[in-house]
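Novice: The lines below spell out each chain.
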Amino acid sequence: MKDPIIQVNHLSFSYNGSPVLSDVSLTVMEKEFVAFIGPNGGGKTTLIKLLLGLLKPDQGTIKIMGQSPAKIAHRFGYVPQDVSFNKSFPISVMDVVLMGRLPFHRWTRLSRNDRIAAQKALESLEMLEFQNRKINDLSGGQRERVFIARALATDPDILFLDEPTANIDSQGRTDLYALLKELNKTKTIFVVSHDTMVLSSYITSVACVNKDVHYHNDAEITKEMLDMGYHCPVELIAHGIPHRILKTHEGNND
Amino acid sequence: MIDALHFEFMRNALIAGCFASLICGVIGSFVVVNRLVFLAGGIAHAAFGGIGLAFFLGIPYLLGTLGVSLMAAMIMTAVVLNNKDRADTFIGILWAIGMATGIILLDMTPGYNVNLMSYLFGSILAVPGSDLWWMLGLSVFTLFSTGFFYRDLLAISYDDEFARLRGVPVNLIYFLFIGLVAVSIVIIIRVVGLILVIALLTIPPYIAEKYSNSLAQMMGLSTLLAVLFNFSGLWVAYTYNLTSGATIILMAAAAFFISMIFDALFLKKPPTLISNEQNN
Ligand SMILES: Nc1ncnc2c1ncn2[C@@H]1O[C@H](COP(=O)(O)OP(=O)(O)OP(=O)(O)O)[C@@H](O)[C@H]1O
Ligand SMILES: [Mg+2]
Numbered sequence: 001m002k003d004p005i006i007q008v009n010h011l012s013f014s015y016n017g018s019p020v021l022s023d024v025s026l027t028v029m030e031k032e033f034v035a036f037i038g039p040n041g042g043g044k045t046t047l048i049k050l051l052l053g054l055l056k057p058d059q060g061t062i063k064i065m066g067q068s069p070a071k072i073a074h075r076f077g078y079v080p081q082d083v084s085f086n087k088s089f090p091i092s093v094m095d096v097v098l099m100g101r102l103p104f105h106r107w108t109r110l111s112r113n114d115r116i117a118a119q120k121a122l123e124s125l126e127m128l129e130f131q132n133r134k135i136n137d138l139s140g141g142q143r144e145r146v147f148i149a150r151a152l153a154t155d156p157d158i159l160f161l162d163e164p165t166a167n168i169d170s171q172g173r174t175d176l177y178a179l180l181k182e183l184n185k186t187k188t189i190f191v192v193s194h195d196t197m198v199l200s201s202y203i204t205s206v207a208c209v210n211k212d213v214h215y216h217n218d219a220e221i222t223k224e225m226l227d228m229g230y231h232c233p234v235e236l237i238a239h240g241i242p243h244r245i246l247k248t249h250e251g252n253n254d
Numbered sequence: 001m002i003d004a005l006h007f008e009f010m011r012n013a014l015i016a017g018c019f020a021s022l023i024c025g026v027i028g029s030f031v032v033v034n035r036l037v038f039l040a041g042g043i044a045h046a047a048f049g050g051i052g053l054a055f056f057l058g059i060p061y062l063l064g065t066l067g068v069s070l071m072a073a074m075i076m077t078a079v080v081l082n083n084k085d086r087a088d089t090f091i092g093i094l095w096a097i098g099m100a101t102g103i104i105l106l107d108m109t110p111g112y113n114v115n116l117m118s119y120l121f122g123s124i125l126a127v128p129g130s131d132l133w134w135m136l137g138l139s140v141f142t143l144f145s146t147g148f149f150y151r152d153l154l155a156i157s158y159d160d161e162f163a164r165l166r167g168v169p170v171n172l173i174y175f176l177f178i179g180l181v182a183v184s185i186v187i188i189i190r191v192v193g194l195i196l197v198i199a200l201l202t203i204p205p206y207i208a209e210k211y212s213n214s215l216a217q218m219m220g221l222s223t224l225l226a227v228l229f230n231f232s233g234l235w236v237a238y239t240y241n242l243t244s245g246a247t248i249i250l251m252a253a254a255a256f257f258i259s260m261i262f263d264a265l266f267l268k269k270p271p272t273l274i275s276n277e278q279n280n
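Sequences listed follow chains A and B, in order. Take 1 as the starting number for the first sequence in my numbering and just add one per residue. Take 1 as the starting number for the second sequence in my numbering and just add one per residue.
What the hints contain is simulated information worked out from the structure, not anything from laboratory work. For glycine and all other residues, C-beta sits at the position ideal for the given N, C-alpha and C. Be aware that one or more of the hints could be misleading.
[Said to hold, decoys possible] Using C-beta positions, here's what the derived DEER-type ranges look like: (1) B:228 x A:132: 48 to 56 Å; (2) A:14 x B:171: 22 to 30 Å; (3) B:38 x A:181: 30 to 38 Å; (4) A:87 x B:176: 25 to 33 Å; (5) A:111 x B:172: 20 to 28 Å; (6) A:25 x B:100: 28 to 36 Å; (7) B:140 x A:87: 53 to 61 Å; (8) B:11 x A:139: 50 to 58 Å.
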């Protein structure tokens with residue numbers, strides 16, 4: 001039987017007084033594969049940062065595995081949306097991925113396990129051959145793969161990916177989703193993505209984020225329901241599939 | 001130059017130059033990769049308030065300057081950690097307050113006839129032996145802290161949000177290292193002076209960054225470059241009887257432009273300075 005892994009109650013958040021999320025309540029079960037969708041500026045990144053404990057809610061509570069996010073942050077893997085920071089910083093691909101293994105014992109001592117985990121993560125994204133290259137010498141998509149590898153190197157219980165496929169080619173996307181599907185056997189996964197078409201065959205639930213959150217737990221979502229006021233961009237979700245975006249899930253109905 | 005080594009002041013100057021280079025190479029790299037150059041400038045100028053205070057109260061230079069610049073550094077760090085985007089305004093204000101207070105305190109010091117020039121432009125040839133012990137202590141402490149926190153430092157400098165998520169004590173390490181920046185600045189003011197301290201702290205790392213594959217390499221290469229600038233600057237100053245702080249910095253500046261031209265000709269990459277501004 002699955003347990004709730006994330007419980008959000010009446011959460012509100014604003015940046016300097018302008019509200020971004022208001023009165024959000026959300027319960028997510030263990031080992032779900034949740035897609036966050038919604039328009040630009042809808043608050044997806046903000047919601048993820050709140051779940052990660054990087055931002056503090058103005059009101060309401062977030063409990064993850066029964067704890068506050070800050071207490072349990074070491075069990076999260078995170079791929080940020082913007083990975084183009086600090087362009088001239090001299091750092092190798094390997095050292096970036098090793099950040100996923102922090103905290104270390106001091107004096108730069110890494111255990112063999114840390115290196116092996118980092119190499120395995122790079123390998124799963126077909127980036128192992130670049131391990132000694134400087135990260136700034138890579139292309140945008142390659143860099144994005146490295147950041148996904150960094151999140152995987154953590155061996156997290158919950159994986160948050162904020163638009164991980166923005167720069168990745170179509171073969172890479174399919175591979176990534178297949179990899180995530182595999183990881184989903186043991187991990188809960190949240191992914192922000194606009195390619196709902198590809199996503200729909202991997203995910204188990206959808207959350208529409210646009211100031212508030214509507215969570216659709218492995219339900220069949222019809223265009224009528226969306227029209228009736230879930231503020232999701234309908235054309236995005238229903239694109240090519242007029243009547244539902246989710247396949248029904250085998251044996252998932254409680 | 002060899003015969004000059006018979007003089008104790010010259011030997012002291014060379015040893016001071018080596019320590020200053022090590023401190024500049026390590027701490028300067030931290031400053032450059034974390035985009036803290038403006039903050040370091042703020043600390044240096046706030047330190048001038050400390051110089052004024054030291055003379056006004058008649059206390060030792062190191063005591064007054066260290067106290068004031070450490071205090072300024074802690075306040076600035078707190079502001080940076082709370083609000084990264086607006087911190088520069090606040091730092092600019094502390095910068096000005098430090099300078100203004102320093103000047104007023106010097107005005108009010110009775111019988112004031114301090115050789116202010118030596119604080120503005122440094123006097124490596126007049127570094128007393130006792131200062132060398134300070135420098136040795138600071139060098140050892142800097143190397144120790146950097147080695148101990150190297151992986152954390154790497155994560156914080158590259159992606160502090162992720163470092164925080166991984167449970168790295170980001171705030172603690174920021175306070176520690178910006179504190180070290182403050183102490184370093186106070187010590188290096190003796191060598192090249194207040195006006196030029198930021199140049200010695202940042203030019204070697206700027207050059208080294210492009211040719212390094214890791215932060216550790218950058219720190220090492222910056223140290224070597226700084227030693228080179230110190231020694232060659234000192235040699236020019238000694239030979240032509242010029243102000244050593246200024247000759248050291250001009251050596252560094254010359255190397256900076258040579259490396260820019262070299263890159264433009266051979267590497268076909270934009271110079272570091274420009275790409276830094278773009279990515280701020
Ligand atoms: N650091 C910030 N300071 C102030 N306002 C912000 C900040 N970050 C985001 N916002 C605002 O909060 C709102 C939600 O932003 P958020 O980044 O969460 O959207 P998003 O759903 O992730 O959008 P996108 O699809 O473009 O990534 C936007 O209106 C944005 O302008
Ligand atoms: Mg976003």
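Novice: Each hint: holds or not?
Specialist: Going through the hints against the structure:
A C-beta distance of roughly 28 Å is found between residue 228 of chain B and residue 132 of chain A, which places it outside the suggested range of 48 to 56 Å. A C-beta distance of roughly 24 Å is found between residue 14 of chain A and residue 171 of chain B, which places it inside the suggested range of 22 to 30 Å. For residue 38 of chain B paired with residue 181 of chain A, a C-beta distance near 47 Å fails the hint of 30 to 38 Å. At roughly 26 Å, the beta carbons of residue 87 of chain A and residue 176 of chain B sit within the given window of 25 to 33 Å.
Range check, residue 111 of chain A to residue 172 of chain B: Cβ separation about 24 Å, and the 20 to 28 Å hint holds. The beta-carbon spacing between residue 25 of chain A and residue 100 of chain B, approximately 54 Å, falls outside the hinted interval of 28 to 36 Å. Here the CB-CB span from residue 140 of chain B to residue 87 of chain A is close to 33 Å, at odds with the stated 53 to 61 Å. In this structure the supplied range 50 to 58 Å holds for residue 11 of chain B paired with residue 139 of chain A, their Cβ-Cβ distance being about 52 Å.
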